[in-house]
Structure formats: C-alpha cells, structure tokens
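Novice: The primary structure of each chain is shown beneath.
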Amino acid sequence: MIQPGPSSRHASAALVLVALTACLYDPDDVCGPNQEQSELNVCECVAGAVPASAGCAMCGDNEVPAGSVCACVDGYARPADGEPCAALPAGLGEVCDSGAAPCADATYSLCRTTDGTAGYCTSSGCATSDDCPAQYACTDDGDTRYCKRPPTGQGLPCQSADDCAGYEASYCETYQAHVCLVSDCTVSPNSCHEGSECCDLSSLGLAETLCVEEGLCPTG
Amino acid sequence: MPDRLIARLSLALAAVSCAAGQARAQDPAGAEADGVDEAELVDQLQKLDEQDSQLHIYGFADFTYTTFLMPRSSKWFDAYFSRYPTFAVGNVNLYLEKKVAPRWNSLIEFRLLYLPNGTETVSTSTGEVAQMDTAVLDYQDKAEVLHWGGISIERAWVEYQAHPLLTIRAGQWITPYGIWNIDHGSPVLIGIRRPFVIGLSLFPKNQTGLEAYGTHTFGDKSLTYHLTVSNGRGPVDTYLDLDYNKGIGGRLVFEAPWLDEFRIGVSGYTGTYTRRARSYNLALNAVQTTNDVTEGYRELSLAADLKLRSGPFLLNAEAISNQRVYQDDGRPRDFQTVSGQLPDSHSYGTYVTGAVRLPWLGLMPYVQGELLRTQWPTVPNIWVAGTGLNMRASPSVTLKVQLQRAWVPDSVSLVVPDEPVTMLDAQAAWVF
Numbered sequence: 001m002i003q004p005g006p007s008s009r010h011a012s013a014a015l016v017l018v019a020l021t022a023c024l025y026d027p028d029d030v031c032g033p034n035q036e037q038s039e040l041n042v043c044e045c046v047a048g049a050v051p052a053s054a055g056c057a058m059c060g061d062n063e064v065p066a067g068s069v070c071a072c073v074d075g076y077a078r079p080a081d082g083e084p085c086a087a088l089p090a091g092l093g094e095v096c097d098s099g100a101a102p103c104a105d106a107t108y109s110l111c112r113t114t115d116g117t118a119g120y121c122t123s124s125g126c127a128t129s130d131d132c133p134a135q136y137a138c139t140d141d142g143d144t145r146y147c148k149r150p151p152t153g154q155g156l157p158c159q160s161a162d163d164c165a166g167y168e169a170s171y172c173e174t175y176q177a178h179v180c181l182v183s184d185c186t187v188s189p190n191s192c193h194e195g196s197e198c199c200d201l202s203s204l205g206l207a208e209t210l211c212v213e214e215g216l217c218p219t220g
Numbered sequence: 001m002p003d004r005l006i007a008r009l010s011l012a013l014a015a016v017s018c019a020a021g022q023a024r025a026q027d028p029a030g031a032e033a034d035g036v037d038e039a040e041l042v043d044q045l046q047k048l049d050e051q052d053s054q055l056h057i058y059g060f061a062d063f064t065y066t067t068f069l070m071p072r073s074s075k076w077f078d079a080y081f082s083r084y085p086t087f088a089v090g091n092v093n094l095y096l097e098k099k100v101a102p103r104w105n106s107l108i109e110f111r112l113l114y115l116p117n118g119t120e121t122v123s124t125s126t127g128e129v130a131q132m133d134t135a136v137l138d139y140q141d142k143a144e145v146l147h148w149g150g151i152s153i154e155r156a157w158v159e160y161q162a163h164p165l166l167t168i169r170a171g172q173w174i175t176p177y178g179i180w181n182i183d184h185g186s187p188v189l190i191g192i193r194r195p196f197v198i199g200l201s202l203f204p205k206n207q208t209g210l211e212a213y214g215t216h217t218f219g220d221k222s223l224t225y226h227l228t229v230s231n232g233r234g235p236v237d238t239y240l241d242l243d244y245n246k247g248i249g250g251r252l253v254f255e256a257p258w259l260d261e262f263r264i265g266v267s268g269y270t271g272t273y274t275r276r277a278r279s280y281n282l283a284l285n286a287v288q289t290t291n292d293v294t295e296g297y298r299e300l301s302l303a304a305d306l307k308l309r310s311g312p313f314l315l316n317a318e319a320i321s322n323q324r325v326y327q328d329d330g331r332p333r334d335f336q337t338v339s340g341q342l343p344d345s346h347s348y349g350t351y352v353t354g355a356v357r358l359p360w361l362g363l364m365p366y367v368q369g370e371l372l373r374t375q376w377p378t379v380p381n382i383w384v385a386g387t388g389l390n391m392r393a394s395p396s397v398t399l400k401v402q403l404q405r406a407w408v409p410d411s412v413s414l415v416v417p418d419e420p421v422t423m424l425d426a427q428a429a430w431v432f
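Here the protein sequences come in this chain order: L and H.
For the first sequence, position 99 matches number 99 in our numbering, and the numbering has no gaps at all.
For the second sequence, position 143 matches number 143 in our numbering, and the numbering has no gaps at all.
Just chain L, with the same shape it has in the complex (with noise of 0.2 Å):
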C-alpha cells in the first residue's frame, strides 16, 4: 500500500478549499430593488412599495400600497391613470348632513347619505364617470346620477380587521396584500366600484367574495 506525500496531500487540499470558496452570492443581498427577505425566507416588497417587474417600487408622494399598486391617500386622487396623486378639488368629499350641515361648494353641492343623515359632498348630474373627478364613478341610485366616491378605506395597509374597522373597506386581507379591501360584494351584478370586480374565493376554500382590481381575481 502507497501512502501520499505531504506536499500531494497539501496541494489536493488546497484545490478542493479554492474550488468551493469561489463566490457568486451574497447573503446580505439576497433580494431584489426595494424588497427584503421575509420570515417565510422569501422576497416581499419594503414597507411602501409594490411589486414591479423588477423586484419592487416605491409609491410616490401621498400614495399607499394598495395589493399590486399604489393607491392614493384619503383626499387625494390620479387626475387621470398613471398620473401622480393629486389633491381633490376643495368641497369634494368633506363630510355633510343633509339636514344640518348641507354642503357649501356650489360644485359639489349634493349631501350624498351614507348613514342616516350623514354623507359626502359630490356632485349630480353626471352622464358618464368622465365628467366624474378621478376615481369617483358616474352611477344612478334610481332618482339621481351622482358621482360617487371610492370606497373609504380601500387599500390601506392592514395586519387585523381591527386596521378597518369604520371605513367601507372593513376586510383585512391577511393572506398576500395586507390591505383593506371590500368584502360580502355580488358577483353578478358586480356590486364593486368601478375599476373593480368581485371575486369569489370559495373555490380556494374560503367562504369570501371580496372587490378587488379587475383581472386580479386568482379564481378568475
């Protein structure tokens, strides 16, 4: 039997520690632009970003993220989509009673009722939501064509229902976005707000129908 010299031992040695120390990866960048290894050991988006096709993005002044995107703080809205979020005109959406405190914009002169006497200040006389401001819809309640606003609430960040509680959006989606969300909604007719749709998740096992933005329902 041959034993190895010292120096062949050595040099096999070294070989095999030079071969497995190359480095490709780093360990304190294991993610994406602006996400961060979660508890579950996987990317997700920095506090204030969305997923964007590479890696994420951050919103922008006076935006959240809402689920996929960012959705504009309370007061303010996208004049138009893709555009920053603006401040809304003055008058629209403050808070009315329709028999002690009417609204004072001429513009926005209609206490549209949410709870008994309680409202928002909105515009009638709407024919489409185009002549609605950014993210109000044109819609008829029967006697009226009004614009009508957002949901309140709707993708806010949330971690319990407790985050929603009082504001229209009251469901804390807890699974994937961590947003408030609208929920007991009708598929057909789809009750949501437009830009939305109704998604039915009891095939997933889930009891739910929640408004989400269109063509994001996963049950299709």
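Among the hints, erroneous ones may be present.
From the structure, some residues in chain L lie toward chain H, with a derived Cβ separation under 7 Å [as the list claims (entries may be wrong)]:
| hint | residue |
| --- | --- |
| 1 | LEU24 |
| 2 | TYR25 |
| 3 | VAL30 |
| 4 | CYS31 |
| 5 | GLY32 |
| 6 | GLN37 |
| 7 | LEU40 |
| 8 | ASN41 |
| 9 | VAL42 |
| 10 | CYS43 |
| 11 | GLU44 |
| 12 | SER53 |
| 13 | ALA54 |
| 14 | GLY55 |
| 15 | SER203 |
Footprint (simulated), chain L over chain H, 3 or more residues, beta carbon under 8 Å [to be verified]:
| hint | stretch |
| --- | --- |
| 16 | 295-305 |
| 17 | 317-325 |
| 18 | 341-347 |
| 19 | 372-382 |
None of these hints come from the bench; they were simulated from the model.
Ideal placement from N, C-alpha and C gives every residue a C-beta, glycine not left out.
Go by the hints and put chain H onto chain L.
Specialist: Just chain H now, kept in the frame of chain L:
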C-alpha cells in the same frame, strides 16, 4: 463463462459507468491477454477491431420495491409520498454504441419511461391535483387499453480522439462532475436512492454542447481534465439556448495508487438560466410581439469528490454547492408561500458512503449519510442517514436492500410535517 461474454459484460458495465469510450480503448480482454502467443494476440485484436466497428446495443434496468415505515396517519402521506408499498421498474436504459470511423466514436443512451402517465400537476388557483392519463385504445385490438410512455434522451454524442491529451466530444453528454452523476447506472451504484444533493441538480445533469477531455499520466499517477461549453441550463436546453451566455464548466481528476485506489476531483460550472414567455398582440393594426424573461438567474456550481479504496474498504464522498443569483426581472414567484418571490440562494450539501466488500457471496454492507442546505425557502435543511446491503449476485446482476431515515429540520412550510421520514427499498439491477 466464455471470454467473449466476459468482455461483453465488462464493456456494458464500463459503459453504464459512463466510461464507454475510454474503457473500450483499453483492451477489454484485460489480463486474459497475458500468456498467449503473438499470432493468437493479433487474431484476438483483429476480432476486437471487427467487434469495434459493429453497432453495440446494451443497457441496464432496475426493479425496486419501496415502502415508507411511518404511521399510516403520517402527514407526509397527505402531500408528498404514497402511503402504499409499491413495486416499480425505475430505469430501462438502452445504449447504442459504435466506432463510426477510426478515432471517431458515438454513444447514444435512451431511457424508456412510463411517464408521462400518472404525472401530477397542481392547479395554483384551485389547489386541485390532476393526474395525467395516457390510456388509449390499442388500434390493433380495440378491446385493449394501453398506456403510452415516453423516451428521454440521456446522451447522444460523437467524439474524435485527436490526441491522447485531447478528445473532443460534441452533442448531449453527461456533465462531468463528481461520482454519482458519472456512475449513474443502478447496477454499478452502491446504494438505491440518489442522495438529495445529487437529485437536486446543483449541477446540470447533462448538457448539450462541446466537451474536451484528456488524460496525462506521469509514472503511476494521472491527471484528467474536462472542459465544457454548452447551452447551459434552460427549459429546452437540449436544443435551444434562450440567452447569449453559454454555460462553461470544467473538471480535474487526480488519480494515484495510494492505498489501493485514490481519486480526487474538483468540478465547476457557471451559466445563465433563462425562461421566456412570448406573446402576440394586435395594436395599431400591427402585430406586436413580446418576449419577456419570466425566470432568469446566473449560477455557479462547484464540487469536490473523493474515492478511496483500501483492501475491502471503499469510501465515496462528494461535496457540491450551487449559488444562484436572480436577475431583477427574472425572479420567480414562490408557489409554496403564494406571496413573495424566491430569494437568491446558496445550496450546498454532501454525502459520504462507506462500504466493505465481504469475501462471501459478493456482499457489501454500507452506510451513507447526507446533509443538504436547500434552495427552497420553506425547507432549508435535509439530513439523511441510511444503511444497506449490496450483493453482486452475478457479474451482471446486483441486489440491494436499503433503510433510510430523513429529517427536515427548521422548516417554515405549512405543508411539511415536523416528523422524520423512514423508507425501505429493495432493488434488483441488471445489465444486459
């Protein structure tokens, strides 16, 4: 046993262990040639040359019985393993080999498959598992249902030996790394199940492109090199490269007669994986084409292997690593966690097999241990310990029985049970 049959079997075994081209270059008659006169030797060599110019067809197959020794209520049976003990024909591999011209050799290996029959796909929207059924009515006998299967081309290459230091191989070839991937035929493997570190394909199992190799001997030692360039890894890498980056690899093997056998090798591979999705849309009265990357990463695979034999004792060990860095626009979704995307990963692992060849009945008891740090975010570690008995019943038949226990510690997956897996396998593997 006739010499011709012995030569044929040694040829088949050598090919199964992926050394076909080189083994045939060495006289298959081996020591049998000693002690014959020159005329007889010339006659034998002429016969071997005639044999060389013929098409050789041979192969190997294996038959395995598998049972999992966990309680029938184990959650592993709900999502991963069949709770029912099963017989299966695993490999049916055929080799076609021919010396097509002086210095030119060709080898094609097929694996015949029962797949895709029974292949399961999980719907990501409903969670339902659909099982593929390839049953069709036999047109020759309408009363009979047959299940069609598939063929996997394991390798198909031609090579030219330009010099003892340079042979150039072109086609699809098995990636030269480690021990298990090269000696992949079940009759020549000690154990039954591939170690996870091999099964996880930290190196590509095979590649399509060019390979150059050669051996330099100095005294009783030798140094063998392999250099490879290929399409790299991809969804259809056997015939289509979806990026400009070629996969580059290499291997160095040092062999010496220390102990009774000493072989150490190091291997490396780097390349880019690219998966694309193409779509056509009609816009502005013109067809617009998109060809987006849906998954893309750079990878670096490194490995070292050691084979030792001293008397009846044998030790095989491999350590393999893979580093994977995703492109920002090519990071795929993680389907286990639904939300989120896969992080860059550094997977690595090792296995060690120790065996002793007993002087009776060709028996070889063995033990094997494995450690693996995986690329799966939810199953970060796998440990395996096992023992078994390998019996060479004849030069062409190997019988094996193996008991293994696997642990999956530190899992954060909701569907991976926090309990070990125990499996018992028995196998008959043979060359033909």
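Novice: Compare the structure with each hint and give your call.
Specialist: Hints versus structure:
1. A distance limit of 7 Å between C-beta atoms decides the matter here; for L:LEU24 the minimum to chain H is near 4 Å, and the interface restraint holds.
2. Interface hint at L:TYR25: satisfied, since its Cβ lies 4 Å from the closest Cβ of chain H, which is below the 7 Å cut-off.
3. Restraint check, L:VAL30 versus chain H: the minimum CB separation of about 4 Å is within 7 Å; hint holds.
4. Given the 7 Å rule on beta carbons, the hint for L:CYS31 holds: about 6 Å separates it from the nearest Cβ of chain H.
5. A least Cβ separation of about 5 Å between L:GLY32 and chain H falls short of the 7 Å threshold, and the interface hint therefore holds.
6. Given hint, L:GLN37 at the interface with chain H, holds; its Cβ is 6 Å from that chain's nearest Cβ, closer than 7 Å.
7. Interface restraint check: L:LEU40 against chain H, minimum CB-CB distance 5 Å, threshold 7 Å, status holds.
8. Checking L:ASN41 against chain H by beta carbon gives a least distance of about 4 Å; that is within 7 Å, so the hint holds.
9. Because the smallest distance between the Cβ of L:VAL42 and any Cβ of chain H comes to about 3 Å, under 7 Å, the interface hint for this residue holds.
10. A distance limit of 7 Å between C-beta atoms decides the matter here; for L:CYS43 the minimum to chain H is near 5 Å, and the interface restraint holds.
11. Because the smallest distance between the Cβ of L:GLU44 and any Cβ of chain H comes to about 5 Å, under 7 Å, the interface hint for this residue holds.
12. Given hint, L:SER53 at the interface with chain H, holds; its Cβ is 6 Å from that chain's nearest Cβ, closer than 7 Å.
13. Given hint, L:ALA54 at the interface with chain H, holds; its Cβ is 4 Å from that chain's nearest Cβ, closer than 7 Å.
14. Checking L:GLY55 against chain H by beta carbon gives a least distance of about 5 Å; that is within 7 Å, so the hint holds.
15. Because the closest C-beta pair between L:SER203 and chain H is about 5 Å apart, less than 7 Å, the hint holds.
16. For the stretch 295-305 of chain H, the stated coverage by chain L holds: 6 residues have a C-beta nearer than 8 Å to a C-beta of that chain, and at least 3 were required.
17. Counting residues of the stretch 317-325 of chain H whose C-beta sits closer than 8 Å to any C-beta of chain L gives 5, which meets the bar of three, so the coverage hint holds.
18. By the rule of at least three residues with a Cβ nearer than 8 Å to a Cβ of chain L, the coverage given for the stretch 341-347 of chain H holds, with 6 such residues.
19. For the stretch 372-382 of chain H, the stated coverage by chain L is satisfied: 3 residues place a CB nearer than 8 Å to a CB of that chain, which reaches the threshold of 3.
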